[in-house]
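S.K.: Spelled out, the chains give:
Protein chains: 4
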Amino acid sequence: MDKKILDKLIEAAKQGMKNSYSPITKFPVGAALLTDSGKIFVGCNVESTIAGLGTCAERCVIDNAVANGEYCYNAIAIISKLEEPVKPCGVCLQYIGEFAQVADHDIEIIMAGIKGKVNKSSVYKMLPDTYGPRIAGLDLSKYECKKK
Amino acid sequence: MDKKILDKLIEAAKQGMKNSYSPITKFPVGAALLTDSGKIFVGCNVESTIAGLGTCAERCVIDNAVANGEYCYNAIAIISKLEEPVKPCGVCLQYIGEFAQVADHDIEIIMAGIKGKVNKSSVYKMLPDTYGPRIAGLDLSKYECKKK
Amino acid sequence: MDKKILDKLIEAAKQGMKNSYSPITKFPVGAALLTDSGKIFVGCNVESTIAGLGTCAERCVIDNAVANGEYCYNAIAIISKLEEPVKPCGVCLQYIGEFAQVADHDIEIIMAGIKGKVNKSSVYKMLPDTYGPRIAGLDLSKYECKKK
Amino acid sequence: MDKKILDKLIEAAKQGMKNSYSPITKFPVGAALLTDSGKIFVGCNVESTIAGLGTCAERCVIDNAVANGEYCYNAIAIISKLEEPVKPCGVCLQYIGEFAQVADHDIEIIMAGIKGKVNKSSVYKMLPDTYGPRIAGLDLSKYECKKK
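Residue numbers (this note's numbering), protein chains in the order written: chain G, 1 to 148; chain H, 1 to 148; chain S, 1 to 148; chain F, 1 to 148.
You may find that some hints are simply not true.
What the hints assert, rightly or not - Distance condition first, Cα-Cα at most 16 Å in a straight line; then the derived EDC-like pairs of lysine to aspartate or glutamate:
no.: 1; chain 1: S; residue 1: K87; chain 2: H; residue 2: D129
no.: 2; chain 1: F; residue 1: K26; chain 2: S; residue 2: D139
no.: 3; chain 1: G; residue 1: K18; chain 2: H; residue 2: D36
no.: 4; chain 1: F; residue 1: K87; chain 2: G; residue 2: E84
no.: 5; chain 1: H; residue 1: K148; chain 2: H; residue 2: D36
no.: 6; chain 1: G; residue 1: K115; chain 2: G; residue 2: D139
no.: 7; chain 1: F; residue 1: K125; chain 2: G; residue 2: E84
no.: 8; chain 1: H; residue 1: K81; chain 2: H; residue 2: E144
Claimed, not checked - Which residues of chain G face chain F? A partial, calculated answer using Cβ under 10 Å:
no.: 9; residue: G52
no.: 10; residue: L53
no.: 11; residue: C72
no.: 12; residue: K87
no.: 13; residue: C92
no.: 14; residue: L93
no.: 15; residue: I96
no.: 16; residue: G97
no.: 17; residue: I114
no.: 18; residue: V118
no.: 19; residue: S122
no.: 20; residue: Y124
no.: 21; residue: L127
no.: 22; residue: T130
no.: 23; residue: C145
If you're looking for bench data, these hints aren't it; they were derived computationally from the structure. All residues carry an ideal CB built from backbone N, CA and C; glycine is no exception.
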């Protein structure tokens, strides 16, 4: 990924983090998604007082992109207030993996610390061969990838 | 609610529905949220092949609004392709109720059928006295309501 | 419901509460389920550090009963350490409602306070006309109700 | 793991599978959990018509064990009707990882096909360094591991 786009994506994730609704853990997390069409969406964690409700920043930003008709993603960036980059949890990896199957290609995962440290991986590396819509044999032809 | 805003909100929900990711049920649902500051956000259902993942349109649109720093909502509209208006499920009512406590006021629920039928209610009526962040004694002072 | 069974059910919910895994909220909740076949199952809340994971006591106990081949429920009891009885959240009402449709009859909801106060309602009253498998037209013939 | 215990665990998972509530996907999955104290619990997938509700067999069986006061697990077995063993999804790996942190040791994952094929791994291998209660600094002293 181009350094300029990388910086822009991490900056977007930082903007998302500012809007985090996290009254329980007081641990804001931000995410930004780069679509195959070149758009950037932002997300943040949204907590709930109820066990099993609420969402992490990564799932939030994917829902945001889907709501805008974008199903195919090139990369997702995640940031918290820690110096050490945070990793997506298994729930989010599963969700990212779902849409990797929709796009039929890997999705880069960019994990950023607040002081500039960046780790890179991908959903195929972090959660290989996961179950998803393509394996389940679902018809995905309706969810076309918009291109640049 | 002003007829003009009502129409605009239902139209936005209809736009959200077009983007629904629902390869399992093939039942697209759209939602639109009117914030206290007068903005409108759109959402749709996002399904997953994994039990316990995915979201209804109502939770999607709330996450979308939170990601944009809006925590206080005046009304939410929901639409599907059925003539008969669909009701929010209990999960979504709980989530809407969570943010009713953040805003400290009721949120109107507008249920629209595809041919123009509209039912109106509110989260206080549909899920009265629900548990939430205010009852849990959480500090919500950080999540200010933006006004028009 | 027979007073003796009611007491037994609330006592079971209290036992479930003792096993609660709630390191985040430190708010243990217990539940007990009376099946149509006369069996009693116990459950408790199971929290997670991840938003959107974890379960309330009511969903826990239903999963427990399903894992044992019981799909039809007569009543569910809930208890916490508060004097005032707690109500099921919208998420749990939706889940209870799902199985009310499987059994094709209402399910009593018994809300108990720690010092003996008891409120009674039902899922049809607390979340009327909710969406579920019967409305969705799913084939439920496989999930037979065991009788006493 | 002792061959006799392995067989017993897979047999228990198979029993759990029989009780699966899966009217949507019609894809029953079973799980069995071996606790550090030597007990075996069973679970199955429990689907819901609502996106974001329902549970996989692995989360079901953990909730079942917690409801019975068991927080520390040695191994979890999973089975479906496929010849090829199924893998836990990311959501379940996260949940298993949560309790690996409670027990403070790895948990073996046994993936069984219906005709006898068995793959083995562990949650530390499949979802390394995942976020959880120990990393979050939660007090887990209350959740003692029962020993044989």
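S.K.: For each hint, tell me whether it holds in the structure or not.
M.R.: How the hints compare with the structure:
| no. | hint | verdict |
| --- | --- | --- |
| 1 | S:K87 to H:D129 | 9 Å, holds |
| 2 | F:K26 to S:D139 | 10 Å, holds |
| 3 | G:K18 to H:D36 | 19 Å, violated |
| 4 | F:K87 to G:E84 | 30 Å, violated |
| 5 | H:K148 to H:D36 | 7 Å, holds |
| 6 | G:K115 to G:D139 | 43 Å, violated |
| 7 | F:K125 to G:E84 | 21 Å, violated |
| 8 | H:K81 to H:E144 | 35 Å, violated |
| 9 | G52 | 8 Å, holds |
| 10 | L53 | 8 Å, holds |
| 11 | C72 | 20 Å, violated |
| 12 | K87 | 7 Å, holds |
| 13 | C92 | 8 Å, holds |
| 14 | L93 | 4 Å, holds |
| 15 | I96 | 9 Å, holds |
| 16 | G97 | 7 Å, holds |
| 17 | I114 | 17 Å, violated |
| 18 | V118 | 17 Å, violated |
| 19 | S122 | 14 Å, violated |
| 20 | Y124 | 13 Å, violated |
| 21 | L127 | 5 Å, holds |
| 22 | T130 | 6 Å, holds |
| 23 | C145 | 22 Å, violated |
The structure shown violates the earlier hints numbered 3, 4, 6, 7, 8, 11, 17, 18, 19, 20, 23.
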